[in-house]
Amino acid sequence: MLALAPEGQAALDTGDLAGLLPAGPPALREVPAGLRPRGKALPEAGCALLCWPGAPPVTACVAAPWPKPGRIVIERVTPAVPDGAVKRIAHEAIQVEADVFIDGHDALAVDVCWRACDQAEWQRQPMQPLGNDRWRAEWRAARIGAHEYQVQAWVDVWATWCQELQAKFEAGQDVRLSLREAAQWLAGVLDNDAPASARRALAALEQALDQGLSARLLGQLRAPGAWLRGAGTRPFLGACPPLPLRVDRAAARYGSWYELFPRSQSAAGHGRFDDVIARLPDIRAMGFDVLYLTPIHPIGHTRRKGRNNSLQAEAGDVGSPYAIGSAEGGHDAIAPELGSLADFERLVDAARGHGLELALDFAIQCSPDHPWLREHPEWFSWRADGSLRHAENPPKKYEDIVNVAFYDGARRRMGLWRALRDIVLFWAGRGVRIFRVDNPHTKPLPFWQWLIAEVHARAPDVIFLSEAFTRPAMMYRLAKAGFTQSYTYFTWRNGKAEIEAYLAELSRPPVADFFRPHFFVNTPDINPYYLQNHGRPGFLVRAALAATASGLWGIYSGFELCEARALPGREEYADSEKYQLRPRDWLAPGNLRAEIGRLNAIRRANPALQSHRGYRALPAGPEPVLAYLRQADGASNLVLVMINLDPGRALLASARLDAPGHGENLLTGAHEHWPEGVVRAWLSPESPYGIWRLPAAPLPASPI
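Note that the sequence shown covers residues 1 to 704 in full-length UniProt numbering.
Worth double-checking, as some hints may not be accurate.
[Said to hold, decoys possible] Derived lysine-lysine pairs resembling DSSO-like cross-links, with alpha carbons at most 27 Å apart:
hint	residue 1	residue 2
1	396	443
2	578	397
3	443	480
4	443	397
5	443	578
6	396	578
Keep in mind that the hints were calculated from the coordinates and are not lab data.
Full structure from sequences and hints, please.
As structure tokens, this is what we get:
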């Protein structure tokens with residue numbers, strides 16, 4: 001082939017000639033030196049001669065082994081999570097589908113099989129054909145912990161006989177030989193446990209041999225099919241590889257969280273655990289069921305932060321509770337200002353008595369005063385000048401915190417790994433079964449996979465919440481590594497289109513099968529611009545959206561008081577509680593205590609709001625209005641939500657249903673009828689959302 005570049009430099013690209021060239025690379029030695037190409041481009045007015053002499057085909061086998069050949073093919077099994085486990089709670093339905101087929105015309109028996117990882121025997125449920133070789137079954141796991149499941153299939157000999165006899169009978173063909181063979185097989189598999197229908201089927205075969213086959217006798221032959229599908233041998237038995245399943249308790253999927261700093265719970269000075277106990281009735285009255293405490297450990301003195309993250313602490317400054325460790329102890333110790341370990345255990349018991357579960361912050365962060373620096377200096381990151389490397393999560397810097405080093409070169413520092421595991425187990429032994437993990441995306445994934453598995457081997461009911469505001473791929477990978485729940489981008493999803501798209505992503509497979517989104521409306525680190533700019537109505541909007549769009553939502557204390565004073569131009573609270581005490585008047589005018597309590601009561605009464613699944617957007621208007629349906633598993637509960645995302649102005653909102661209907665207004669108690677299938681509501685700054693319970697019915701597929 002002669003290549004020319006008549007106008008300007010041109011790349012030597014033969015991709016468009018793939019269908020014209022012979023196999024093999026070009027052979028330059030076959031070309032005169034003056035016509036050989038130099039580089040990957042031709043100069044202007046240049047030319048080159050390319051020659052393809054051809055090459056023999058590859059005859060060696062592929063390096064990677066193909067799956068073991070079998071007559072029965074099982075593929076496209078769902079749900080299945082690459083490099084992770086499917087997640088469900090105990091007794092939650094798991095609907096498994098798979099493509100299963102075989103050559104020829106044999107009938108198949110297909111089961112979904114499952115077992116807990118401490119069991120040897122499979123439990124099984126027959127799968128039903130959906131058409132086009134697709135099969136489906138639904139089952140539920142009852143125990144908490146690690147499970148596995150797989151799809152198994154084999155030739156259903158009896159169904160194949162019945163299928164053959166039916167076809168020949170309808171075609172008017174001679175079936176005597178087939179009847180005799182079927183009778184021989186059936187007689188061979190009958191035993192003392194055989195049902196009466198199987199014995200009647202054998203009698204029907206014998207009658208058909210004497211009198212001829214009839215439609216009535218064919219019906220008798222099919223009657224014992226459920227028992228006979230597994231009788232005798234299972235020819236050509238095949239199975240997909242076992243798929244992992246993680247079964248958690250209900251709090252993994254549903255919970256209303258309240259976050260506080262224990263040290264700020266006193267109106268006079270540094271708070272103690274007793275002050276937190278005094279607040280329990282108030283927190284429970286708002287409908288929360290998880291009380292999340294920021295770190296309760298001793299705080300370092302070296303490079304302690306002052307107010308508003310000042311690098312210079314003044315006398316009396318309490319520092320950041322995330323700078324963990326001092327002469328009083330490390331992660332397994334309690335700051336003496338808060339109380340004793342016995343006081344903490346009393347708080348755990350008191351919270352349980354009020355229907356609240358305690359969650360602790362697990363922050364792998366050490367102050368320069370942490371005992372580990374003296375006992376295990378090799379566990380830390382040291383710089384070339386002998387100084388310690390302080391922690392960073394760009395753009396944030398934590399000068400009062402130093403990093404541990406999880407690896408020594410390529411080797412795991414197993415002493416450190418075991419020490420961190422033992423911290424979690426220490427607090428689990430004190431009644432804590434929920435851990436919010438700070439910045440897990442800045443620690444190695446293999447470490448988390450190991451630690452979570454180690455903890456679950458000893459305490460399978462422990463829940464891990466990932467506080468990873470980072471790239472989606474890393475957030476999802478942490479969930480696959482074992483984290484039970486995760487913070488999300490909810491804080492920064494404010495517009496209608498982006499909210500609808502995000503809720504659709506989180507509520508549907510594949511994401512919904514392994515990632516449980518937790519919608520915190522604010523955090524000590526995040527004072528959202530939306531709250532800064534929209535006042536009390538904006539707080540109502542975000543509370544309603546978080547409480548109705550996910551089974552998991554939470555607030556950081558002060559949200560119920562509409563706190564939003566920020567450092568200029570930043571999503572950072574002014575006078576942040578991370579660096580100082582913040583006593584509050586919990587009954588201040590304009591608070592949201594009643595509204596939050598009502599939202600949580602609605603959540604508790606409606607299973608549709610206790611999961612991240614079952615979401616469908618509805619057509620709604622005008623433009624700032626967001627409307628969606630939430631549906632519980634099994635179509636047992638259906639909730640309609642309508643929210644004005646621009647709460648500064650009142651408007652008449654509408655949402656269109658698929659058909660005329662009616663529902664109960666869960667805010668007013670009124671029963672409303674919508675003969676045209678259009679729900680209308682006046683949404684004002686004082687009441688920017690509406691919630692209705694509808695008669696339960698399946699949600700039709702409706703992609704956004």
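Against the structure, the hints come out as follows:
1. Among the hinted pairs, residue 396 with residue 443 is consistent with the structure: their alpha-carbon atoms are about 16 Å apart, no more than 27 Å.
2. Distance restraint check for residue 578 and residue 397: the Cα-Cα separation of roughly 14 Å lies within the 27 Å cut-off, and the hinted pair is therefore satisfied.
3. Our distance criterion of 27 Å between C-alpha atoms is met by residue 443 and residue 480, whose separation comes to about 15 Å.
4. Between the alpha carbons of residue 443 and residue 397 the distance comes to roughly 16 Å, so the proposed pair stays at or under 27 Å and holds.
5. Between residue 443 and residue 578, the direct Cα distance comes to roughly 22 Å. Compliance with the 27 Å bound is thereby established for this hinted pair.
6. Among the hinted pairs, residue 396 with residue 578 is consistent with the structure: their alpha-carbon atoms are about 14 Å apart, no more than 27 Å.
In terms of the numbered hints stated before, the structure departs from none.
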